[in-house]
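*Asks:* These are the residues of each chain, in order.
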Amino acid sequence: MFTEAKRVVRFVFQYFSANLQSAMEYRGAFLSQVVFMFLNNLMLLFFWWVLFTQIESLNGWSFEHVMLLYAVASGAYACQALLFGGSFSLSRAVAEGRLDFYLALPKPVLLHVLISRSSASAWGDLAFSLVIFALTTAPSPGQLLGFLILILAGGVVTTSFAVLAHSLSFWLGHSEQLAGQLTEALLTFSLYPEGIFSATTRLVLYTAIPAGFVSYLPVRILKDFGLAHVGMLLVFALGLAVAARLVFYRGLRRYESGNLVVINALD
Amino acid sequence: MAVIEVNGLHKVFRTKAKEPGLRGSVRSLLRPAYSEVVAVKDISFAVEAGELLAFIGPNGAGKSTTIKMLTGILNPTAGTAQVLGLVPWEARRQLAYTIGSVFGQKSQLWYHLPALDSFRLLGSIYEIAGRDLAKRLDQVVELFELAEFIKTPVRKLSLGQRMRCEIAASILHRPKVIFLDEPTIGLDVVAKLKIRELIKRLNEEEKTTIFLTSHDAGDIEQLCKRVIVINHGEIILDTSTSYLRHNYLTTRIVNVKFAAPCPELRLFHAEILKHTEKGVKFRINTRFTSIEEVLGELFAQADIEDISVEEPAMEEVIRDIYGRPAGEGEQHAAG
Chain A
1 MFTEAKRVVR FVFQYFSANL QSAMEYRGAF LSQVVFMFLN NLMLLFFWWV
51 LFTQIESLNG WSFEHVMLLY AVASGAYACQ ALLFGGSFSL SRAVAEGRLD
101 FYLALPKPVL LHVLISRSSA SAWGDLAFSL VIFALTTAPS PGQLLGFLIL
151 ILAGGVVTTS FAVLAHSLSF WLGHSEQLAG QLTEALLTFS LYPEGIFSAT
201 TRLVLYTAIP AGFVSYLPVR ILKDFGLAHV GMLLVFALGL AVAARLVFYR
251 GLRRYESGNL VVINALD
Chain B
1 MAVIEVNGLH KVFRTKAKEP GLRGSVRSLL RPAYSEVVAV KDISFAVEAG
51 ELLAFIGPNG AGKSTTIKML TGILNPTAGT AQVLGLVPWE ARRQLAYTIG
101 SVFGQKSQLW YHLPALDSFR LLGSIYEIAG RDLAKRLDQV VELFELAEFI
151 KTPVRKLSLG QRMRCEIAAS ILHRPKVIFL DEPTIGLDVV AKLKIRELIK
201 RLNEEEKTTI FLTSHDAGDI EQLCKRVIVI NHGEIILDTS TSYLRHNYLT
251 TRIVNVKFAA PCPELRLFHA EILKHTEKGV KFRINTRFTS IEEVLGELFA
301 QADIEDISVE EPAMEEVIRD IYGRPAGEGE QHAAG
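Residue numbers (the working numbering), protein chains in the order written: chain A, 1 to 267; chain B, 1 to 335.
Treat the hints as calculated values from the structure; they're not laboratory data.
Predicted, not measured: the structure shown is a model, and the values here were computed from it.
Warning: the hint list may mix true and false statements.
[Stated by the list, open to error] In the BS3-like style, the derived pairs of lysine-lysine whose C-alpha atoms are separated by at most 25 Å in a straight line are:
(1) A/K107 x B/K281
(2) A/K107 x B/K176
(3) B/K135 x A/K6
(4) B/K278 x B/K257
(5) B/K257 x B/K281
Next comes chain A alone, as it looks inside the complex:
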């Protein structure tokens, strides 16, 4: 089992490295994407700063909370985009019949599709996440490691959610836009403080659109560490990943049958 895990990590790393090399082929484009993504995130945070010069707190959320929220959410998004960038275009891969390529190779199809792409601009998100976290917390190495685990868990949640949303295309055909809207909703909710939402909305945000596990719960863990919360987060991330895998492979059976609405099955 250890050898298998080592093999998987090596496989993921090699794709990650190939994607990075590929992005760096165009030095100017790569650097500008990274810098502009960093500035873009900073600008969003600036609006919150302006708001917090007018008010002291927002239902218990201070500007520092919001900074942490941004650090955690952009970190989680960066993990998804850097490691599992294929999750953003999964429905297109299904619709265009691009899964054939992965099906013909001896690696797990879902993992292979997910790691096949990586977004260069997400390095800007990651840098932003780490800088903001450092500014709010001045972390010790242990805290930094804890933060990395939190954003990685958040990345597993956003990736699994994207896999679920994009897997709809196995049943609905061209559902790229719908999947895009769903994943966008998760990102948007992850960037607003939990305090502004009603109890009902919060219920949705801890279930159907799990922004709670991408940013609210990690922020709570960072502000007030509790093992129960860490356990909840990890169990949810793992559970969602298992569910996403299940749904994807169920859909893949339809792909293998060649009866997908979107597939041009004949040569």
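Start from chain A and add chain B according to the hints.
*Replies:* Leaving out everything else, chain B in the frame of chain A:
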């Protein structure tokens, strides 16, 4: 020993049927109707180890569907198949270690990186250990003559060079069977010849069984000893290439450019398709007339600047097979 055995393989797709126009679209949205398309119809054949087989047919004939079933990408509706003793759609991942595939229109190379980087990544996908991979890379680079451009980003390669890298990428793990789907598509004459030469070497030197689909009659004539022709999902001919060559690949279209105007031309052994003062285009059937004979007639009447010969289109060959009297187009034992 057969490495591919196919028995009664059948594939039916369910597709949405829609009447034309907006009304049809609305109706289809409210009450979708489906129709069934038979893509592969009860086909059976076997391929022996080390064979170089052409599997040909026009667009939509069922070639790719068959390859997808034999590589485990698609499940059949009925029938059985074994590739190297494995049922492809049941043991797809296990089979993937022993077969290779190249789909001419889909690349497996990283566009912005040198082919060497893609090869290393594929080495890791096929779990080839470091030293073995280095050794294998040397062999493949030599076999496919890639040394000159292996470190050049793929986007800067010519189509022919890229295709050499594509095929090389698919044999890194020493597959016993390789499926080549239109490997010469879009290539110029010189690049085509090179790819054919390399495929032949791969078959001879590594004893790889090659299952080749192509639209190009030249690929088949120059590479394969046996050919299976498929149309509308059915095998309509399973024969030796020499039989196909002598009986079906017999028409040639010849384009001639005159060095000096030649307003009058009479060819007794060819069918003139177009004749102007500057040139002539004619069809001959090599079954009844030799090209030399017609060229002799031509040289006697005109000054020739340039001649090019076109091979028959696959559609024409298929039409010809159907056009023959019953019995002639049936399965022949491969020789």
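*Asks:* If a hint holds in the structure, say so; if it does not, say that too.
*Replies:* To see whether the hints hold, each was checked on the structure:
1. A/K107 x B/K281: Status violated; Cα separation ~53 Å.
2. A/K107 x B/K176: holds, 19 Å
3. B/K135 x A/K6: holds, 23 Å
4. B/K278 x B/K257: Judged against 25 Å, a Cα distance of about 6 Å means the pair holds.
5. B/K257 x B/K281: With Cα atoms ~9 Å apart, B/K257 and B/K281 stay inside 25 Å; holds.
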